[in-house]
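Trainee: The chain contents come next:
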Amino acid sequence: MIERDVVILGAGPAGLSAAAELARLGVGKVTVIDREQTAGGIPRHCGHLGFGFREFRRVMTGPQYAATLAETASQVEVKLGVTALRLEAGGVLQTMTPTGPETLRGHAVLLAMGARETPRSARLVSGTRPWGVMNTGALQQYVYLHGKRPFERPAIIGTELVAFSSLMTLRHLEIAPVAMVEAGGRITARAPGDWIARLVFGVPVLLDTRLVRILGSEKVEAIEIDRGFGAERLDCDGVVFTGRFRPESALLGGSHLAVDPGTGGPAIDQFWRCSDPAFFAAGNLLRGIETAGQCFREGRAAARAIAAELEGKLPPTGMGVPVQAEGALSYVYPQRIARDEPLDRELLFLARARKAAKGRLILKADDTVIWTHRISALPERRIAWPVSTRLLQGASRVTVALEERA
Amino acid sequence: MPEFDRADVVIIGGGVVGCAIFRRLALAGLKPLLLESGGDILSGASKGNSAILHTGFDAPAGSLELACMQAGYREYRTIHHRLNLPLVETGALVVAWDETQLARLQGIVDHAHANDVPDVALISSSDLRRREPLLAPHAQGAVWVPGEHIIDPWSAPLAYALQGLAHGGRIRRNCKVLNGSFDGAWSLGTERGRVTAGVVINAAGNHGDLVEAMCRPSPFRITPRKGQFVVFDKLAARLVRAIILPVPTERTKGIVICRTAFGNLLVGPTAEDQTERDAAEVDEETLAMLVAKGKEMLPGLGEVGVNAIYAGLRPATQFKDYQIEALPERRWITVGGIRSTGLTGSLGIAAHVAGLYGRHFRTLEEAAPIWTPVPNLCEERPRPYQTQTGAEVLCHCEWVTRGEVEAALKGPLPAGDVGGLKRRTRAMMGRCQGFYCSAHVAALVEGRIEL
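Which chain is which? The protein sequence lines are A and B, in order.
Residue numbers for the first sequence follow my numbering, beginning at 10 and rising by one.
Residue numbers for the second sequence follow my numbering, beginning at 5 and rising by one.
Here chain A stands alone, though its shape is the one from the complex:
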């Protein structure tokens, strides 16, 4: 068994920023493992601009950002091509490395495995199952890692931010998708997404449009859509299912760690600790998707918590106070608040709405309303607000609810 101070699982933005921060804080033996052959995570294949401004004061492409992250963590040991097979109590990882099986134990283990998009299968989409149906992630790898054109005129399903990343990937190949198809009545990504799609890319955005089924025997030939007046055929030769990210949490499912059904990721406390305090978690593993920048900041914050833990400065986990999401919220985290001294430390709640909803965000300690705020929420926008732990003192249960206006 290899013993390390910290083992980081995942060399994406969260894992690498944590590694760099631990190095900066002087934490000695840190190892990052990743199953891919190159460090950097998802940004490796996001070949367009839009990364790194807040972190590095420079606008970069995804691959530049990934390389910069790897550079900042260059003092830390990064082992690639390592597959984690199992998580065990007390910070133990069973892995398969290029030189055979290896057991790693970290005094702290940071889980930062990221997220991936929901594939067609898990969306239970009707139709045949031809070649040419993929997620943005696969499309980007075709284009940016392998220089391939998987199709010439695909349809894009969904309008989350990542759908525009798909658009930019296709534009790189000078491919104009036949349409973007959105089941909802508005573009999910922040405006001016629709404007950009129409004017810059010349792509029709079909709102309130349901994908009925996929057609084609060997390869995609068309999709059927319904805009409210029956099925229409839309010829295309590929379908890109974008968004609906979910944590890459397969390792958690088989482990002893508590998983929050709302986020699909590990339940953590305000110090990024999982139900087994030897494990910490940060980045997109915690929930669907946030930007690389948000993952970077979480990785750094988790690294600071880990450094404090290694110095014995974190409060014990104990039972903690459970935090519950209610109403139109699909989740909130941290899911648990450890009793902490001093009592007026600030903590940050992060949540998402299940659907577009206008109303009041209500924070309750037991049955006492301690804070409310009017909001207009969209499912793909982060809801974040700081709260002083002093306000939650003595509570046995904290509830965060989004109550819709009638």
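Hint data in this document are derived by calculation from the structure and do not stem from the laboratory.
The structure displayed is predicted, hence computed values, not measured ones.
Where hints are given, some of them may not hold.
[Said to hold, decoys possible] Example chain A residues on the side facing chain B (calculated, C-beta under 8 Å, incomplete):
id	residue
1	Arg-44
2	Pro-270
3	Trp-394
[Said to hold, decoys possible] To spell it out: a stretch of chain B is covered by chain A in this simulated footprint if at least three of its residues, at any positions, have a beta carbon under 8 Å from a beta carbon of chain A; those stretches are:
id	segment
4	14-24
5	87-100
6	278-287
7	307-313
8	390-400
For each residue, glycine too, the CB sits at the ideal point set by N, CA and C.
Put chain B on the given structure of chain A with help from the hints.
Mentor: Same frame as chain A, now just chain B:
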């Protein structure tokens, strides 16, 4: 049309049945030629089934189907080690979910005993709960069928095909048979040219009646019966040990919950008649019904994601039994209507067909077999990612190594298309459905398989 190929015996159809017949006849010293219309073997009915090795406990008494299933079952058990094929000995439980079904269990036991499956027994609801504690509490009781097992539905026929090849048989893919004429020997028109055949064996699955019509007015009519399946993530496989079967109805065995040799868990199939013979569409409503049905029987599925969805077509006819017959004067053997039990029955069907061949056409002699073990894809046995130092894992969901993908592109029967590659390796078949690996796999197979 120029002659493309010739053989003493030509098998039309490279499904599990065609592959098993191919193997059997090759082992008997013939040099069979197998013609497959698809880009790879198993492109039709055999690509989507529930992967169970059946005992025949519920098969129609006295049927040819029962005889072939039981002979196939015995032979699989005898040869699977030699071909490196898995056998996951799960047993099955026919679960009654209400009083009406409960009342029918004894009949199932009696039927099984009459079918010479003597270890089938009734178990109480408390015994059922002890065996399968995570099953929904409204399960009333069950029939325990210890001999029902799980196998790999694609590696088995691949191994049969490889063994047939090792014994001198040949396989032509992308070789759809379009027409045929007989003048003492058969002249088959195919997509790739004329094929001359001494004897033709029709194992054309969902196209069986169309192929049969080349020889005679087909005595059976195929109505493809679609079965949709939902495959749950590997995390679901720990929720249940045995295969969970429903109390069957007249028409179908009903919806099954079944672990797979690959460590996933599937729920299905449906039974939907259709006229289309090749394409099997899934539909959202039915898939959602399967998910709901699965959760109803096994509530723990509610916390597990769906990895894959698929639909298979079983070649059902107006008859219950297999349609197997030799037409000596036409030098033709019909092997039709092999519906849902073909995977189990295939080796038995092959032996039966070899018997017909020997009786009507030429006495056969068994040669000492050359064994052609296939790569193991079964979760319960060691896989290359665990045993091979330096193996690069390409597909992280199903732990498929680069070496496994490369191996599937080589050898006497390399993957002929993407489906064949997936069936041989499991690459891209896991929870991410290629989010991480499909572009790498595509780069690896470039020029060897058309994507």
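Trainee: All the hints need checking, so say for each whether the structure fits it.
Mentor: Going through the hints against the structure:
About 5 Å separates the beta-carbon of Arg-44/A from the nearest beta-carbon of chain B, less than 8 Å, and the hint is met. For Pro-270/A, the suggested interface contact is upheld, since its CB lies about 7 Å from the closest CB of chain B, less than 8 Å. Hint on Trp-394/A is violated. Least Cβ distance to chain B is approximately 29 Å, over the 8 Å limit. Residue count for the segment 14-24 of chain B with a Cβ under 8 Å from a Cβ of chain A: 0. That is fewer than the three needed, and the coverage hint is violated.
Coverage of a stretch by a chain is defined here by at least three residues with a beta carbon nearer than 8 Å to that chain's beta carbons; for the segment 87-100 of chain B and chain A the count is 0, and the condition is violated. Counting residues of the segment 278-287 of chain B whose beta carbon lies closer than 8 Å to any beta carbon of chain A gives 6, which meets the minimum of three for the stated coverage. Residues of the segment 307-313 of chain B with a Cβ under 8 Å from some Cβ of chain A number 7, which satisfies the need for three, so the listed coverage holds. Given a C-beta distance limit of less than 8 Å, the hint that chain A covers the segment 390-400 of chain B holds, as 7 residues qualify and 3 suffice.
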